[in-house]
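K.L.:
Residue numbers (our numbering), protein chains in the order written: chain C, 25 to 302; chain G, 12 to 195.
Hints listed in this document are in silico derivations from the structure and should not be mistaken for laboratory results.
It cannot be assumed that every hint is accurate.
Derived CB-CB ranges, DEER-like [what the hints assert, rightly or not]: (1) ARG195(C) / SER167(G): 30 to 40 Å; (2) PRO258(C) / LYS166(G): 22 to 32 Å; (3) GLY148(G) / GLY162(C): 35 to 45 Å; (4) GLU302(C) / GLY23(G): 18 to 28 Å.
Covered stretches of chain C, as calculated for chain G (at least 3 residues, CB under 8 Å) [as the list claims (entries may be wrong)]: (5) 34-48; (6) 139-145.
Idealized CB from N, CA, C, for every residue including glycine.
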Amino acid sequence: MRTTTERERVLRAFLEEGLTELPDWVYAEVRTEIDRLPQRRPIRGSIGRIAIAAALVAAVLVANWSRPPAPNTPAATGGALATTTTTPASSASSGFPPAGQVSRGHQIVTLEGVRASINILSEGWISDGRSRLEHMSGGGGVTFWRSTPDGIYADPCAHVPERVAEPSIDRLSAAAARIAGTTLVSGPSAVDFNGHPARLVVLTLPASATCGVGDPGFYLWYDDVYGGQWLARPGDTIRAWIIDVNGLPVWVDGETVAGADPIVGQDIQQVIDSIQFE
Amino acid sequence: MDRDLIDRAKRGDREAFETVVRQVGDRCMGIAFRILRDADLAHDAVQAALITAWCELRSLNDPERFEPWLHRILTNACYAEARRRRRSLVALRIVPVEETYGPDEMLTVQHRDELERAFRRLTVEQRAVLVFHYYLGLSMPEIGQRLGIPLGTVKSRLHHAMAALRAAVDADARPSSPQQERPA
Numbered sequence: 025m026r027t028t029t030e031r032e033r034v035l036r037a038f039l040e041e042g043l044t045e046l047p048d049w050v051y052a053e054v055r056t057e058i059d060r061l062p063q064r065r066p067i068r069g070s071i072g073r074i075a076i077a078a079a080l081v082a083a084v085l086v087a088n089w090s091r092p093p094a095p096n097t098p099a100a101t102g103g104a105l106a107t108t109t110t111t112p113a114s115s116a117s118s119g120f121p122p123a124g125q126v127s128r129g130h131q132i133v134t135l136e137g138v139r140a141s142i143n144i145l146s147e148g149w150i151s152d153g154r155s156r157l158e159h160m161s162g163g164g165g166v167t168f169w170r171s172t173p174d175g176i177y178a179d180p181c182a183h184v185p186e187r188v189a190e191p192s193i194d195r196l197s198a199a200a201a202r203i204a205g206t207t208l209v210s211g212p213s214a215v216d217f218n219g220h221p222a223r224l225v226v227l228t229l230p231a232s233a234t235c236g237v238g239d240p241g242f243y244l245w246y247d248d249v250y251g252g253q254w255l256a257r258p259g260d261t262i263r264a265w266i267i268d269v270n271g272l273p274v275w276v277d278g279e280t281v282a283g284a285d286p287i288v289g290q291d292i293q294q295v296i297d298s299i300q301f302e
Numbered sequence: 012m013d014r015d016l017i018d019r020a021k022r023g024d025r026e027a028f029e030t031v032v033r034q035v036g037d038r039c040m041g042i043a044f045r046i047l048r049d050a051d052l053a054h055d056a057v058q059a060a061l062i063t064a065w066c067e068l069r070s071l072n073d074p075e076r077f078e079p080w081l082h083r084i085l086t087n088a089c090y091a092e093a094r095r096r097r098r099s100l101v102a103l104r105i106v107p108v109e110e111t112y113g114p115d116e117m118l119t120v121q122h123r124d125e126l127e128r129a130f131r132r133l134t135v136e137q138r139a140v141l142v143f144h145y146y147l148g149l150s151m152p153e154i155g156q157r158l159g160i161p162l163g164t165v166k167s168r169l170h171h172a173m174a175a176l177r178a179a180v181d182a183d184a185r186p187s188s189p190q191q192e193r194p195a
């Protein structure tokens, strides 16, 4: 057991490591925006200032959203979303549709090393290039777990993880169904997932949730490599399909935020229904 | 920070502001990367913060307070960036590890990874407090001022963040065994 001083030393050493250099392309883009944007005249009242600052940050982030990643930088691999549409060929090589708006048609995803195709019927999806399709409405999305979750959060607010031993679709779905503080809507239910046995668990975040308002929310399950999944506010609902693909548990989940248009749930279901494992 | 540069930038001198940006950019990157644990997100957050700072610079009353003011904007940009990707599962690209780690040999490969994972499980607000305290070396009252939060909130976030990290840090003290399953 370390002393507090030793712990702090280790933490300082950890924080000393990592990137400390802003790439030239960021400086260049900042300069471009400075040349384009006028300075705002100060206004009275902190609320107004905060609102404008927030709006500016949001505007810049939206601008970044549509900016293709800078070429020839390691950062470009998962950075700002590009506006280019995807093709099955491009997603086939990376295991997930590249960042940006996803075009209609067939795409390839790789889950736990298993290739699968999905068929996108609407133009309302944006890929993060990694594992997530976001509904453009902001009402929800689908997460394709490239690596099946390793466990759940025993304490979703304090982010205490609990690993699921010898993971199977039964063990994983049972763990998901008992996450403290969630309301179990249904499951684990035995379902057929496009020809594969699966378990479906549906959870919602109740009004009594003691965390989850604001970032990063109420944690549900995690993977050691990809991180955690969470719900953001009461009324948000998540459906998790844990699928047995030739003995390998594979996980896909889709969530809708409270008050989302019903079309979001329908679009999510359409994507789920289209998944075909090879 | 050169007060004259800030004054000139406040009056709309773009060259002066670019000079300022060049002086603070790396520092901002260091902070943003440590809060977000992702280079891409950090680039976007720093860019957003610097552009916001340019647009809002006239509202800065005391040029001597430029850096704390910028750090607050940067932290908010980090929060916004994290929220924008809230539904994304942030790929845990562990910082490449080497055979040696400079002056602090206490940090082993295994425990660096464990710390990385533990750190990513913290809320972005908790990470920000840790970074300002242990990376920038600010006191808790200074952090409260810089982030615009009460001292009690700073203490609370620091306490909970350290509690969450404790297991991972303590693991560094235990002899590693390849046969043992690594704790989550």
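K.L.:
None of the hints should be skipped; say for each whether it holds.
P.N.:
Each hint tested on the structure:
1. ARG195(C) / SER167(G): 30 to 40 Å: holds, 35 Å
2. PRO258(C) / LYS166(G): 22 to 32 Å: holds, 28 Å
3. GLY148(G) / GLY162(C): 35 to 45 Å: Roughly 39 Å apart at Cβ, these two residues keep to the hinted range, so it holds.
4. GLU302(C) / GLY23(G): 18 to 28 Å: violated, 59 Å
5. 34-48: Our answer is that it holds, as 14 residues pass the Cβ test (under 8 Å) against chain G, meeting three.
6. 139-145: violated (count 0)
Taken one by one, the earlier hints fail for this structure at numbers 4 and 6, listed in ascending order.
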